[in-house]
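Respectively, the protein sequence lines represent chains F and U. According to our numbering, the first sequence is numbered sequentially starting from 1. According to our numbering, the second sequence is numbered sequentially starting from 1.
It is worth saying that the hints were derived from the structure and are not from the lab. Just so we're clear, the structure is a prediction, and the values are computed from it rather than from any experiment. We put the beta carbon where it would ideally sit given N, CA and C, even for glycine. Treat each hint with caution, since some may be false.
What follows is a set of in silico ranges between Cβ atoms, one per label pair, in the way DEER data are often shown [to be verified]:
#  : chain 1 : residue 1 : chain 2 : residue 2 : range
1  : F       : L220      : U       : L78       : 25 to 33 Å
2  : U       : L78       : F       : N16       : 25 to 33 Å
3  : U       : I54       : F       : G288      : 56 to 64 Å
4  : F       : N253      : U       : M294      : 14 to 22 Å
5  : U       : M294      : F       : G288      : 39 to 47 Å
6  : F       : N16       : U       : I54       : 46 to 54 Å
7  : U       : L276      : F       : I215      : 36 to 44 Å
8  : U       : D291      : F       : K222      : 29 to 37 Å
9  : U       : M294      : F       : L220      : 29 to 37 Å
10 : F       : N16       : U       : P259      : 58 to 66 Å
11 : U       : I18       : F       : N16       : 32 to 40 Å
Here's the letter readout for the chains.
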Amino acid sequence: MEERVIEREFGELAINMGPQHPSTHGVFRLELHLRGETVVKVTPHIGYLHRGVEKLSETLEYDMLPPIYERDDYLSPTANSLAFVLAVEKLAGIEVPRRANYLRVITAELQRLASHLVWLGTFGLDLGGALGGGSTLFLYCFRERERIMDLMEALTGTRFHTNMNQIGGVRYDVYDGFDRDVFKTLDYLETRISEYKEMLENNPIFLERTKDVGIVPQELAKEVGASGPVLRASGVPYDIRKNKPYSAYQEFNFQVPVGNKGDVYDRYTVRLKEMKESLSIVRQSLGGLPEGPIHSRKPVKTPSLFKPPKGEAYAAVESPRGELGVFLVSDGSSKPYRVKVRSPSFSNIAIIPHILPGHLVADTVSILGSLDPVFGDVDR
Amino acid sequence: MTFAESVSHGAILLGAIIGVVTYLTWVERKFSGRLQSRIGPYLVGRPHGWLQPIADALKLLSKEDITPAKTDRFLFNLAPIWVVVMSLLGFAFLPLTINWVLVNIDLGLLYFSAIGSLIVIGVFIAGWASNNKYALLSALRAAAQMVAYEVPLLLSLLVPAVLAGSLNFQDIILAQERIWFILFPVVGQISGITFLLAALAEGNRIPFDLSEAESELVAGFNIEYSGMKFAYFYLGEYVHLLAVSILVSILFLGGPLGPLLSGGVWIAFKTLIVFLIVLWIRWSFLRLRIDQMMMLNWKVLVPLTLGNLLLAGLWVSLSR
């Protein structure tokens, strides 16, 4: 009743966007206060997809956890398990064979491509709707992504939650002819990505909808702890693959694309350029794949025998969304004492209440889409 | 025509329109499927999904008819009927061959555009009566859009009328015996393209489907509608789209005029081409924002069509 009085007094319309809304990319609720169509105030509500992964970790043995972490950010599963596995390896001082590191890079980059393709497709949905040009872009992107899924299936037997990373190495080795399949797919993807780039960047409607919309200033991005393409689009060349290399990233030659303005268009270009860099990283790593074992530790039959020493460790990877870190505390038993996941989507969507006021409703969806949040990653 | 004749002709026309529109949805689904490297419907009525529209209609008819509790019942039920009736009414004035027209009046073009602009009232009623904030926003958008785009729509419609010297559809068709208006240098092309754009905006089609905007307003004015009432909105939209396609083929493409084949075949063929162009636009463009759409309208389309009308007037008065 009280709220209604406020609405009448200030001429504001309060609407709930989500948790069931086609453009909130999952279960996310934005409480929008509108004056006309202009957003004057916004309150984000999260937690609809909380699955208690961190608490669950305290009840399971280390070797059981990587598959569970893959379910966190469901668009780039290997990045999640990689972060966890790296933390455990740091804690227990396990050396990883060079071949395993290369294979980790290959799967991570292939999934970065897949994740960015999903992003581009759903971004099209945000701008164009499911009953129009947007869905065309969406379906094209998913068609390309399917090629990567096929590669993953051929490599691991699973399309998506590949369960590739395990403590001390990787679980699956490449088969004969894998590199040929990958190179073929990469060539295909390269032509397609250039095609979409041309299609979008010459489209006046796309430019109108993205340029100078949702500008994230550099200070704000740093203040909220944004990372990944969102931070880089604002002009900060921070990429964990370059700044604190893990696995084998220090051995590859690649650029870190940055934007200068930090608007939606910059975030789009940064992601598109990143896809090209990923293509080149996969090519390099597959071209120079070293021989040797793929794990330093035999796959365990009894996970409870693995007890890392007492202590704590933090390991971070550059997931498609940004800095994905796992902080691990061990009390010397076979189960973690505490696990904390620093998820990139959580920090990235903290930008929303700062930049949304003053924009129109239509921009709300394009800004939210350009931040590329995954709510499995936000809520964990 | 006697009264009995008009009634029977009207009934035939009504049945034909509904049938054609039902199958136009199939055309759209197949076309968009191919465009998006999908197959489209294929299961019901193998191998090409010929029976899909029938199955869709049956599904919509058998769905529960829900009227949400806090709606304005009368208006809520009126809106879909209004939309369908108003879109169907326009057909009364459209000639489908040179001689076959239900109501042949000298002000055909004026009547058609007048009735076309009444559709938005149904949309507005739906948005208001639904008692839903998304629907309300959508209704306001629809109203703003309609007021804006009526201006270039009419201004570009007037060009064929000026060139033909009449508002009667038959006269306009006959005036194109020498040259189709779309081939008329400069004037014809500008008015043809602006008319198509404005008609897209009027019919809530992408890139101007702001009042539907399912990625922002979920489904806009029809958010609370289900079953057959929802289908009525779609029926209205497609009937209007068909009418606009026929109108384009009459005003700019010579309508039933053409060699060898009969007038009915020609107009059907031209209408299908226009319809497919509209679909092509729909499935390849993103949506504009409301302010950008208004900008396009008032700063580009209105001056352009106004100048174009002036040009057409000059042409006619000088060539006389």
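Here is what the structure says about each hint:
1. For the pair L220(F) and L78(U), the beta carbons lie near 49 Å from each other, so the given range of 25 to 33 Å is not met.
2. For the pair L78(U) and N16(F), the beta carbons lie near 28 Å from each other, so the given range of 25 to 33 Å is met.
3. Between I54(U) and G288(F) the beta carbon distance is about 60 Å. The supplied range of 56 to 64 Å therefore holds.
4. At about 49 Å, the CB distance of N253(F) to M294(U) disagrees with the hint of 14 to 22 Å.
5. A C-beta distance of roughly 56 Å is found between M294(U) and G288(F), which places it outside the suggested range of 39 to 47 Å.
6. Taking 46 to 54 Å as the suggested C-beta distance range, the pair N16(F) and I54(U) does not conform, at roughly 38 Å.
7. Take L276(U) and I215(F): their Cβ atoms lie about 40 Å apart, and the range 36 to 44 Å holds.
8. Hint check: D291(U) to K222(F), Cβ distance near 31 Å, so the stated range 29 to 37 Å holds.
9. For the hinted restraint 29 to 37 Å between M294(U) and L220(F), the CB-CB distance of approximately 30 Å keeps it satisfied.
10. Range check, N16(F) to P259(U): about 60 Å between beta-carbon atoms, so the 58 to 66 Å window is met.
11. A hinted range of 32 to 40 Å for the beta carbons of I18(U) and N16(F) is consistent with their spacing of about 38 Å.
When the structure is compared with the earlier hints, violations turn up for hints 1, 4, 5, 6 and for no others.
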